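Participant: Residue numbers (the working numbering), protein chains in the order written: chain A, 31 to 324; chain B, 572 to 825; chain C, 895 to 1839.
The set of hints was computed from the structure by calculation and includes no laboratory data. Every value quoted in this text rests on a predicted model; they were computed, and no experiment measured them. The C-beta atom is built at its ideal place from N, Cα and C for all residues, glycine as well. Careful: at least some of the hints might be erroneous.
[Stated by the list, open to error] Calculated cross-link-like contacts (lysine to aspartate or glutamate; reagent style EDC-like; alpha-carbon spacing at most 20 Å):
1. C:Lys1756 / B:Asp786
2. A:Lys231 / C:Asp989
3. C:Lys1513 / C:Asp989
4. C:Lys1070 / B:Asp814
5. A:Lys96 / B:Glu789
6. C:Lys1216 / B:Glu805
7. C:Lys1216 / B:Asp814
8. A:Lys323 / C:Glu1736
9. C:Lys1092 / B:Glu761
10. B:Lys774 / A:Asp220
11. C:Lys1749 / B:Asp793
12. C:Lys1702 / B:Glu640
13. A:Lys231 / B:Asp590
14. A:Lys160 / B:Asp766
15. A:Lys96 / B:Asp574
16. C:Lys1070 / B:Glu789
17. C:Lys1839 / B:Glu683
18. C:Lys1836 / B:Asp814
19. A:Lys96 / B:Glu761
20. C:Lys1070 / B:Asp786
21. C:Lys1070 / B:Glu791
22. A:Lys323 / C:Asp1711
[Said to hold, decoys possible] Computed list of chain B residues with no C-beta within reach of chain A, every gap over 12 Å:
23. Thr578
24. Glu580
25. Glu636
26. Ala700
27. Glu707
28. Leu725
29. Arg730
30. Val731
31. Asp747
32. Met765
33. Asp793
34. Ile794
35. Ala796
36. Phe809
37. Leu810
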Amino acid sequence: MHPAPSVIIFTTLSGLGFGLLFFLGLGLPDVSGWIAFTFFFIAYALAVGGLMSSAFHLGHPERALKAFTQWRTSWLSREACFSVAALVVMGVFALGAVFFDAQWRVLGVIGAVLSLITVYTTSMIYTQMKTVPRWNTQLTPLLYLTISLAGGALLAGQESLAPWLLALAGGVQIAWWMRGDGAFAASGTDMASATGLGHGKVRSFEPPHTGTNYLLREFVYVIGRKHALKIRGIALALGYALPILLMVLPLDSIALKHAFAGLAVVSHLGGIAASRWLFFAEAEHVVGLYYGKR
Amino acid sequence: MTDLPTTTERKLGLVIDLDTCVGCHACVISCKGWNTENYGAPLSDQNPYGADPSGTFLNRIHSYEVQPEAGAAQLVHFPKSCLHCEDAPCVTVCPTGASYKRVEDGIVLVNESDCIGCGLCAWACPYGAREMDQAEGVMKKCTLCIDRIYNGNLPEVDRVPACVRTCPAGARHFGDLGDPDSDVSRLVAERGGMDLMPEQGTKPVNKYLPPRPRDTVEEEIDILAPLLAPVTEEPGGFLGWLDRALDALPGGKS
Amino acid sequence: MAHTQPRLDLSPPISDEVRKTTCYMCACRCGINVHMKGGKVAYIEGNRDHPVNRGVLCAKGSAGIMQHNSPARLRAPLKRVGPRGSGQFEEISWDEALEIAAGWLEPLRKNAPEKLAFFTGRDQSQSFTSFWAQNFGTPNYAAHGGFCSVNMAAAGIYTMGGAFWEFGQPDWDHTKLFMLFGVAEDHDSNPIKMGIGKIKARGARVIGVNPIRTGYNAVADDWVGITPGTDGLFVLALVHVLLKAGKIDLDYLARYTNAPCLLIENPGGADHGLLLRDDAGKLLVKDRTSGDLVPFDTPGVRPDLTGTHVQNGQTSHTVMYKTVNRYLSEEYSPEAVADRCGIPASRIRAIAGEIARVAFDEAFEINQPWTDFRGERHEKMVGRPVSFHAMRGISAHANGFQTCRALHLLQIILGTVEVPGGFRFKPPYPKPVEAHPTPHRDVVPGKPLNGPHLGFVRGPDDLALEPDGSPSRIDKAFTWENPMSAHGLMHMVISNAHAGDPYKIDTLFMYMANMSWNSTMNTRGVIDMLTDTDETGEYVIPRIIYSDSYSSEMVAYADLILPDTTYLERHDCISLLDRPICEADAAADAIRWPVVEPDRPGHAGVRGFQTVLVQLANKLKLPGFTDEDGNPKYADYADYMVRHERRPGIGPLAGFRGEDGTDQGRGAPNPDQLDRYIENGSFFVAHVPEEGLYYKPWNKAYQDWAVGMGLYDSPQPFLFSLYVEPLRRFQLAAEGHGDRQPPDHLRERIKAQLDPLPIWYETDQQGNEGYTVTALTQRPMAMYHSWGSQNAWLRQIHGHNPLYVPTKLMRENGLKDGDWARVTSPHGEITVPVMEMAALNENTVWTWNAIGKRKGAWALEKDAPEVTRGFLLNHLIHELLPPRGDGLRWANSDPVTGQAAWFDLKVRIEKAAPPDGLSESHPATEPQVSPVGTGPEELEWKVGK
Ligand SMILES: Nc1nc2c(c(=O)[nH]1)N[C@H]1C(S)=C(S)[C@@H](COP(=O)(O)OP(=O)(O)OC[C@H]3O[C@@H](n4cnc5c(=O)[nH]c(N)nc54)[C@H](O)[C@@H]3O)O[C@H]1N2
Ligand SMILES: Nc1nc2c(c(=O)[nH]1)N[C@H]1C(S)=C(S)[C@@H](COP(=O)(O)OP(=O)(O)OC[C@H]3O[C@@H](n4cnc5c(=O)[nH]c(N)nc54)[C@H](O)[C@@H]3O)O[C@H]1N2
Ligand code: SF4
Ligand code: SF4
Ligand code: SF4
Ligand code: SF4
Ligand code: SF4
Ligand SMILES: [Mo]
């Protein structure tokens, strides 16, 4: 799949944002006033910024409201609904925390759950795609959720929780990759099923057009195996290993600690962006078979 | 609406004969011409006279080489447009309801004025049957020429899709695949019509007729049979045979 | 929730109006319905009533709207201002353009008409353009047939009075075995596809003989991946097996062919090997019943295939006798030819068996009585449902004439020409050689030529030679090098004119042929000839006038451009006098008319070229165009189409003639004729009567109908020629008989290769040592030569062309898809991208024809893939063969017809780095300035908003 920057930014940032909201909703940390404002500002900037960025790849963003209508079948529609619900509920909760020094716990828990569900709906947009065997697994929501939680914990300053969650997410990430590498072959979709020409070995001869087209640009992104491995290394190191390291390093200086935590967040963000880039770039859409590109 | 109708009254679709398609691209261009001028936004082209021309097409012809275990490699021309699936994943993923399947005839359509151009339906389609128009920012797909097949302004014979009407080889058939007695259903039954990527669970309405076996003349013709037995083994005996054969003709000597 | 869905308008209006005319995205000439909205062309579809396409339309036809609106359309007459080839022009008015042209042509006509060479491409107005040239008085006129498929045309006409090409077709409704030789697309584009579709729907068998398995050959049930150039051998092996098994139609051979005709036996004599005739020149046969020698058309005769006749002590045998003796020889056995053809002997036998089975075991009858030319009544028509079709894969080789002949021999011994289920002619064919003109060449300054330029020679006397033996024509057609060059040799014009051999010309006037690019061999060499200057700095070819509709490569090489309209903007006439649109069961012709008026805002505009020729003729007061009072006869081409009469009552259009428009074929001019055509969908059809549908060359009902239609002036029944006597006359000359003698260096070749019975010979491979791979081109179904690349829709399908290389050669040369390879011939070298193909003869490489473009042409941007990756194979092909060391340069063409041997090209390939480190095919030609700029950045085409 074409690794469109808008989608990479969206999934990376909004995942992180909703992860942070989750912890804030649970009162981890229990903040109020200016500090709450700062935390919520960051969370909203990430979540809403991500959502806005995703609107950039729409052909008609002005009709975006229509996307709330099909929640009964469409995960994208559900995502839209849940994200708004989460943002509204958490917004009210934030109002309480910032201006009234109030912790409306029930509201917070509901908001936290909605935030996680939002991340889940995002992940399901990809998970449901039978056309992309690499995504079509329950490991995908697990991956999105663990990353979101780990990132949220990191941002929420949950020093004790974050390394564990990061390690868990890293583990899921590795499992997801390992499964993903065999997923296309295991999916049962191949040249023979795509063309029905089972009476011999099928090879694409001439594509329909000598030039490119929407499908090729969008779905038939090919990256070299070596290149992919390198980026996986970077994603693992930056997204999980380094933040864990930065978190668990015994440090005395508070300033240094904060600096390291900041560094951990930046590193995590970079690593997850790399992971998301791969999430798309490595994903093989079955339509590539028709173009002999699988 | 992104809900799929539980059943449709008819299942209109195409049957494409891979045994006969010569790969001429006639259907591709007549589709482009018709759908540029008719339903929805025109099918645009970017950089049409430049280095990287690329445009929206609702029907494209691939070609595949098939190498059987034994014998010469074969070539199959392979037209592909929307298969109007019964369980169309492109419809259910659509967040806006722009994509829908018609209850009357099962045609899968995009209502362009509702489409936000998110592209998700194209992701969900295993067949590459949807293309986002780059100029208009809306999703385009085969309409089964809905503005032809019921069009009272067209003579009745012409109420078929543009691609079907134009196919010089007669490799494209249109009809109701929900009616077991229709011509298309019969053709599918006779020729072993098949689904593409059945494992995707989309239940395509369009069917493909597989190419007939190729390169069988040597198996079928026994070259030692009387068919090719020499009329005479004697050297120079041929003219004698010729004489006898001439006499045996009606009006001959015998 | 209940299912809801939008309400749609299911009956939107289609258009304001439908205008019916004839497609011209290629020479198939299908009928089209042009849907108009607001006076603009909105949509084009096939016309269901049209005899050619019955409603279907190919990709090119449907893309006509993009061609009609192409940014490459010329907009005004152009006068060259920069050096030739640069593309620098100034737009001028039509008055000035006609003034310039007439100023160049007038003195030539007065003093030396032969100094005008007028050659046209694949237009459909050859009866008109030749009439113009004839009235101008130059002998130097021809169209494109010489480089296209004259082998096919000449072999067919000489053998059976009609050819495959577009002049005949299989009996699609009845045939049960269809064998296709060397066809990728052909002129009959849609009818062939419709036919193949029809017979496949019936489950009948298609056998494709072609080194490449794409298109028609891909859908063929059996594919014969033959070694290029060996079809003649393969076919003669089939003939061998069928003869041996007696699977031949003796009755047919005896009645309808010259198989029973007797060959004069007079070794060393001037008539040895000619056919025995009576004093009136009629062919004689032995009557099997009476034993008498009688004219072939004697009522009641039963021509004897094994008859003999003793004359002056020598025994004459029949053509059949000679035929049988030759082809029964073991040199034609499947085993003897298998290796050279690359087809196992068992496969050849199996195919012969299948042919025999279908021809004889599946023979059928149609209950239709008919009467033959001898007056004999037949109660039934006997069908032999085996049909053949062939095109350039056979004819574009230097043994193509004889190979086509061999194929006709096969058809004829099976008795499957003009019978149900077999191959059928389209009117005005069949037409025996005798009914065709001979070539004319007599030039008298200021006067018309003494007859038509082109024709069918009957022997050395008809050659176009000067008294000193030198060629009369600039293209050296009808000379000893290629005596039967019935279509002229357009591909030799530029090189001969450049060499001043046989003489210098002044003005080269060309129409609709991209002769500096894809229609020429040795493209670079031709470019240099067109731009070469002499000692005085003048161009060696002093003046070039050219008519094109679009900004093609050739435009840059002309001094004066007469811009033509697009096909939707002018009158055209697809006439029975020329290359009509007939089907086997009907005579038909068609017109084009301006469904939209030409409109080039801000420019002087364009004019239909035929009208421009009328205007030029009027300026020059050419005889055929001027009445007794010296006034112009015709205002424009439309006027000519209606009022011109070739013979009394016979004009360009056969339909709606006579005062009231009810006459067909013959009749007085009808001033309303064009309106009647338009009302009728721009075509006219006259059906052959049921009784005349088959056996046309011998069928009284058909012959009478054809006379009524004006196809002939009297019935022309004739015998098919297994043995082609005119060829024998050339052999006799080569043996030393007669006053007209060939030059010595050609004697042996004429004796060997102008054999009156089909033969096969290896094409000349001297100088090709080390070049072992045959390189071919194929027409893409969705592109027409160079025109297609200006079409925004079509160029997305074929924007560049890889060289397809068989798996074996890919492995041997360490190549993988997308690599570049250097392809070398004895003449040149190109570096191009490659792709693997398995369904391909293992010693053949190929590419799509005419995709490569010159920078600056066709309104394309300079980095268009046609320019950067696309390429022409033509750079490797030369009009002359590699030197043999005998001091002579032999033409790369068929020794009988002069047909250009495009497909004899032999190459060597090896892996190469992309040229210059760029991804650009090599050789790259320097850019030309575009007279029209480039096209827009985006297209969102919709006429009715
Ligand atoms: N390598 C290789 N070369 C080949 C062949 C091959 O098989 N292989 N085939 C050969 C054969 S058979 C042929 S026939 C030639 C064809 O070669 P050409 O006849 O040169 O083919 P086109 O590219 O069609 O060029 C015709 C010109 O006519 C112009 N034209 C189009 N429409 C109109 C019109 O309405 N009016 C006017 N005035 N001009 C118009 C086009 O713009 C173009 O410049 O190519 C030959 N060249
Ligand atoms: N779409 C489209 N239609 C066209 C044209 C076009 O440019 N585009 N051009 C028109 C013109 S001008 C012409 S002349 C006709 C030509 O129509 P075709 O005769 O179909 O011409 P080609 O495409 O050159 O195809 C020649 C075929 O012969 C095969 N071949 C080559 N050598 C041999 C051989 O030795 N033996 C056998 N058995 N096969 C061989 C090649 O593989 C190829 O398939 O098409 C006309 N129709
Ligand atoms: S082919 Fe693709 S676009 Fe068409 S209905 Fe099926 S899934 Fe949807
Ligand atoms: S692109 Fe349009 S039709 Fe497709 S899913 Fe998005 S909104 Fe629906
Ligand atoms: S049915 Fe209509 S829209 Fe669909 S492929 Fe055919 S022409 Fe195109
Ligand atoms: S028009 Fe018919 S033969 Fe041509 S590519 Fe389409 S389906 Fe195949
Ligand atoms: S074959 Fe195609 S391009 Fe040629 S005349 Fe017919 S429709 Fe037009
Ligand atoms: Mo041609």
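Participant: Are any of the numbered hints broken by this structure? If so, which, sorted upward?
Facilitator: The structure breaks hints 1, 2, 4, 5, 8, 11, 18, 19, 25, 26, 27, 32; every other hint is satisfied.
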